[in-house]
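Number of protein chains: 2
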Amino acid sequence: MTTPRRSLLAATALATLLPLAARAQTPSPLAELIVEKKVFEFRDYRTRGGAALANGRVGYQTAGTLNAAGDNAVLITHFFTGNSHAFGRYAAGEAPGYWDSIIGPGKPIDTDRFFVVSSDTLANLNARDARTTTTGPASVNPATGRPYAMDFPVVSIRDFVEVQKLLLESLGVKKLALVAGPSMGALQAIEWACAYPDWVARAMPVIGTGEVDAWLLGWLDVWEAPIRMDPNWRNGDYYAQGRQPPMAGLSEALRIVTLHSRDRGWAREFGRRPAEGQDPARRIGDRFAVEQWLEDAASARARVSDANSFLFLTRANQLFLNEYDSRDAALKQARARWLVLPSAGDRVFPVEYGHELAAALRELGQPVAMQELKGDLGHLEGVADVAQAGEAIRALLAG
Amino acid sequence: MTTPRRSLLAATALATLLPLAARAQTPSPLAELIVEKKVFEFRDYRTRGGAALANGRVGYQTAGTLNAAGDNAVLITHFFTGNSHAFGRYAAGEAPGYWDSIIGPGKPIDTDRFFVVSSDTLANLNARDARTTTTGPASVNPATGRPYAMDFPVVSIRDFVEVQKLLLESLGVKKLALVAGPSMGALQAIEWACAYPDWVARAMPVIGTGEVDAWLLGWLDVWEAPIRMDPNWRNGDYYAQGRQPPMAGLSEALRIVTLHSRDRGWAREFGRRPAEGQDPARRIGDRFAVEQWLEDAASARARVSDANSFLFLTRANQLFLNEYDSRDAALKQARARWLVLPSAGDRVFPVEYGHELAAALRELGQPVAMQELKGDLGHLEGVADVAQAGEAIRALLAG
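Residue numbers (UniProt numbering), protein chains in the order written: chain V, 1 to 399; chain R, 1 to 399.
The hints are simulated quantities; they were obtained by calculation from the structure and are not laboratory data. A couple of the hints might just be wrong.
To be verified - Quick look at which bits of chain V chain R covers, simulated, 3 or more residues with Cβ under 8 Å:
| hint | region |
| --- | --- |
| 1 | 192 to 204 |
| 2 | 208 to 220 |
| 3 | 316 to 330 |
Said to hold, decoys possible - Cβ pair distances, simulated, as ranges:
| hint | chain 1 | residue 1 | chain 2 | residue 2 | range |
| --- | --- | --- | --- | --- | --- |
| 4 | R | Arg43 | V | Gln241 | 58 to 66 Å |
| 5 | V | Gly285 | R | Asn232 | 15 to 23 Å |
| 6 | V | Glu276 | R | Asp296 | 51 to 59 Å |
| 7 | V | Gly285 | R | Ser299 | 26 to 34 Å |
| 8 | R | Glu363 | V | Gln244 | 50 to 58 Å |
Every residue, glycine too, gets a C-beta built ideally from N, C-alpha and C.
Okay, chain V solo, but in the shape it has when bound (with noise of 0.2 Å):
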């Protein structure tokens, strides 16, 4: 991810913090933003579907400051796989978060100018990754000393919006100049702005869809199959010593996710090569390269992944905007600017999803602007290369 346009972006917002001394050297560790991940605890939450959750936490982090009147706050919110990791480093030499290329000092989503946070969403799917907090069916059921498992309550992309208000009123936040994300980021942003007018100036849903119609409800649901089919599933308790957790169908799950978000042009570095030492052509339990790599990058993946969470992520994603009659019965609600993202070759979110979003807000008289992100990536491009809408991005926070 640390491209040339990257390195440039971050010595050019670099040259306006440093002495003059410092501007004719190579941007050094210092310029890079320094983030902490801090935890957001909660009390008596009750789910939109009417569960009662006695305490919960959350993990968070935040850049730049917030202002007196508590209005120049902007929250990211992240994709299925991802976590509140969007921007900066936890230490000098840390690999960046993952929009990091658009947010920081002098960066579109400039952190010298908003107080800009980013929290992991309830049943976060990284549950057994150190630098991710969450609560979720893995975490202990208060009322019986054990993991929830399935008993966790259904929670949806609506829940992680209310978390998210609750962290925002905890650290003083009164309005968001700016909701943006990704994908089921993406969705999170519209939920915002839908929800909470009044708070919401600008949304920015990158590689997004205005609605999870019966086809995206059918994939959300061939993603997860795999893990109800692993005999280790056992109905989702497999926390107990002893047993082992589904990782067979959890790295499966996370292959087809991995295929999906990208595109052909990714893959073509792969060509048609057998994996090494193989003979698919004349052996059938044989394969490709390109097989075998996204066994081994799913497979990584699951290891700090939680299968269960798995499950309620991809329902939280069939439950966008199910409390509303129809997208464009939500989408009325809203009082934003908009900036709509969408990925030329996306296979999840198909480029279209994007024009639609638009077109009925632009129907509704809503202020927005759109442009295709394009690249070889497909789905990801929102993620990877957003920084190509650098400009667009601007223009959304200058207006």
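Could you slot chain R onto chain V? The hints should help.
For chain R alone, kept in the frame of chain V given last:
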């Protein structure tokens, strides 16, 4: 599939064949093309991968009459879940073949003019269907007296072509006026045109691709993964009495294919309706109507299908044009007139694959026409609604 347009087409064709008195009547059942399923047997076949098949059988059907020169033959090649039943009915009142809208007396592929042949492929998926005859992993290995299972040799699309050639030669065919098929059938049509340019005067790949690149290799692997995950699969050894075939895995694999080969327009009727009596917003085990429909459709399909055959079929597709260095190295062998029919909303072989195939053929100086199929069905437009290209097909066969 009985649209007003098709009835009209059938009536028009009929008018030229029946005495005047009949013309004023609605078409009688006699107007329907009745076909017979036959079996072709072959011996001592060596696969392209070098394995020996002592004997084999594939089902086939024909319509029309072969001319003395043996050069008015048309070969129809079937899709992944299909079989030879591309045209006609096995008895009056039974369901017609999948391309019956374009094949028959007076139809674009006119059985008054052409001798039309269609056969089951090797390793056909419908191994448990009474009207499919195939040689594949579910067939008895003469060396052991038990089903081959995973000992069946890897076969490729080219192997399908080789067996079809043996069948055609046994029928006296010398040349193909046309080879045409949808999806996996398109791959066979292309492979035919490249392997036997002297045979193939015209080729019509429908909802196909000129290359199975790494991204498509990966998707084929996603399709089959649920079978390998099912504990009843037992590395393919599930045919013995007392063992259960991997129906859950096979159903899930077919569910992916069912959704992938359709588009969002098809799913519109389901909306976001829960399945009957279910409440997915409150109960994690409950589901939406579209999920239930997909499961029911896939389970029904699984009952006549064979899981190991699915694995050998995905591999055959992965091996498309595997004997050539590249797509263009293959295509430049051909000397056919082409009609390429991609579908605008295709999610399996996205429409740009069709455009690129047509462009590559043009670049190589081969005569090619292209028409995008439109409609809500996505990939399946090329099966269920190919008649929208009727005039283009007539033009191809007129030239």
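Hints and how they fare:
{"no.": "1", "hint": "192 to 204", "verdict": "violated (count 0)"}
{"no.": "2", "hint": "208 to 220", "verdict": "holds (count 8)"}
{"no.": "3", "hint": "316 to 330", "verdict": "holds (count 3)"}
{"no.": "4", "hint": "R:Arg43 x V:Gln241: 58 to 66 Å", "verdict": "holds (60 Å)"}
{"no.": "5", "hint": "V:Gly285 x R:Asn232: 15 to 23 Å", "verdict": "holds (18 Å)"}
{"no.": "6", "hint": "V:Glu276 x R:Asp296: 51 to 59 Å", "verdict": "violated (42 Å)"}
{"no.": "7", "hint": "V:Gly285 x R:Ser299: 26 to 34 Å", "verdict": "holds (27 Å)"}
{"no.": "8", "hint": "R:Glu363 x V:Gln244: 50 to 58 Å", "verdict": "holds (54 Å)"}
Of the numbered hints given earlier, the model fails hints 1, 6; all others are met.
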